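Fit chain B to the supplied structure of chain A, relying on the hints for placement.
Protein sequences appear in the order of chains A and B. Remember, my numbering sits 2 above the position in the first sequence when you count from 1. Remember, my numbering sits 2 above the position in the second sequence when you count from 1.
The hints are simulated quantities; they were obtained by calculation from the structure and are not laboratory data. As the structure is a prediction and not an experimental result, all values here were calculated from the model. Cβ atoms here follow ideal geometry from the backbone N, Cα and C, with glycine treated the same way.
Pair ranges (Cβ atoms, derived):
| # | chain 1 | residue 1 | chain 2 | residue 2 | range |
| --- | --- | --- | --- | --- | --- |
| 1 | B | Glu70 | A | Asn9 | 36 to 44 Å |
| 2 | A | Glu59 | B | Gly87 | 36 to 44 Å |
| 3 | A | Glu47 | B | Ser89 | 21 to 29 Å |
Pairs of lysine-lysine residues, derived as DSS-like cross-links and limited to a Cα-Cα distance of at most 27 Å, are as follows:
| # | chain 1 | residue 1 | chain 2 | residue 2 |
| --- | --- | --- | --- | --- |
| 4 | A | Lys105 | A | Lys4 |
| 5 | A | Lys44 | B | Lys59 |
| 6 | B | Lys13 | A | Lys105 |
| 7 | A | Lys44 | B | Lys13 |
| 8 | B | Lys59 | A | Lys105 |
| 9 | A | Lys69 | A | Lys4 |
| 10 | A | Lys44 | B | Lys16 |
| 11 | A | Lys69 | A | Lys58 |
| 12 | A | Lys58 | A | Lys105 |
| 13 | A | Lys4 | B | Lys59 |
| 14 | B | Lys73 | B | Lys13 |
| 15 | A | Lys105 | A | Lys44 |
| 16 | B | Lys59 | B | Lys73 |
| 17 | A | Lys105 | A | Lys69 |
| 18 | A | Lys44 | A | Lys4 |
| 19 | B | Lys59 | B | Lys13 |
| 20 | A | Lys4 | A | Lys58 |
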Amino acid sequence: QKEVEQNSGPLSVPEGAIASLNCTYSDRVSQSFFWYRQYSGKSPELIMSIYSNGDKEDGRFTAQLNKASQYVSLLIRDSQPSDSATYLCAVSGGGADGLTFGKGTHLIIQP
Amino acid sequence: DTGVSQDPRHKITKRGQNVTFRCDPISEHNRLYWYRQTLGQGPEFLTYFQNEAQLEKSRLLSDRFSAERPKGSFSTLEIQRTEQGDSAMYLCASSTGQGIEQYFGPGTRLTVT
Chain A
3 QKEVEQNSGP LSVPEGAIAS LNCTYSDRVS QSFFWYRQYS GKSPELIMSI
53 YSNGDKEDGR FTAQLNKASQ YVSLLIRDSQ PSDSATYLCA VSGGGADGLT
103 FGKGTHLIIQ P
Chain B
3 DTGVSQDPRH KITKRGQNVT FRCDPISEHN RLYWYRQTLG QGPEFLTYFQ
53 NEAQLEKSRL LSDRFSAERP KGSFSTLEIQ RTEQGDSAMY LCASSTGQGI
103 EQYFGPGTRL TVT
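So here's chain A without its partners, still in its complex pose (with noise of 0.2 Å):
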């Protein structure tokens, strides 16, 4: 049984700050993942990739992978208060297309 593990929150950061959002999985073979961002009473919407382990950066956001450590994690700089959302950390492999997910953390982002 695969599983995603997140903090549910709420995690509260100050405007401008650098929020870090974590999450780890089970499953050694996982090969893809994935952040989603998911505003109350909408549905996911995609923000990062990363398959291989280190480091990758889209604007404000970074995803970074140690697949040794079975760990994903999420950096958004600059926070904005529009940043305040749900995020989803979701894995897929193992012969497996279907995404797991975690509950998602609560990111409140304080003016």
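Same frame as chain A, but now just chain B:
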């Protein structure tokens, strides 16, 4: 490029009734996925199609649930004899291949009374 669309956006039904949802994927996306999300949880995978073939089904997909993608384009998800526990957001996603980015539609919120 239009995104994934789902219809209806909201559905209220009485226990025991059948409901059907539709999903139209992003054009040229050959993979289509169904998920279910309840309050406070992440989406849970139900099933997926590559073109018209249903390739994987979760154990969550009981025999009251059936999904089709007859021409490899849009898909339908039917729930027979709905139960209150079926109340959830039903999400559809599409992608161009295995293990790569999946893009979600707006979802269909089902309420079973």
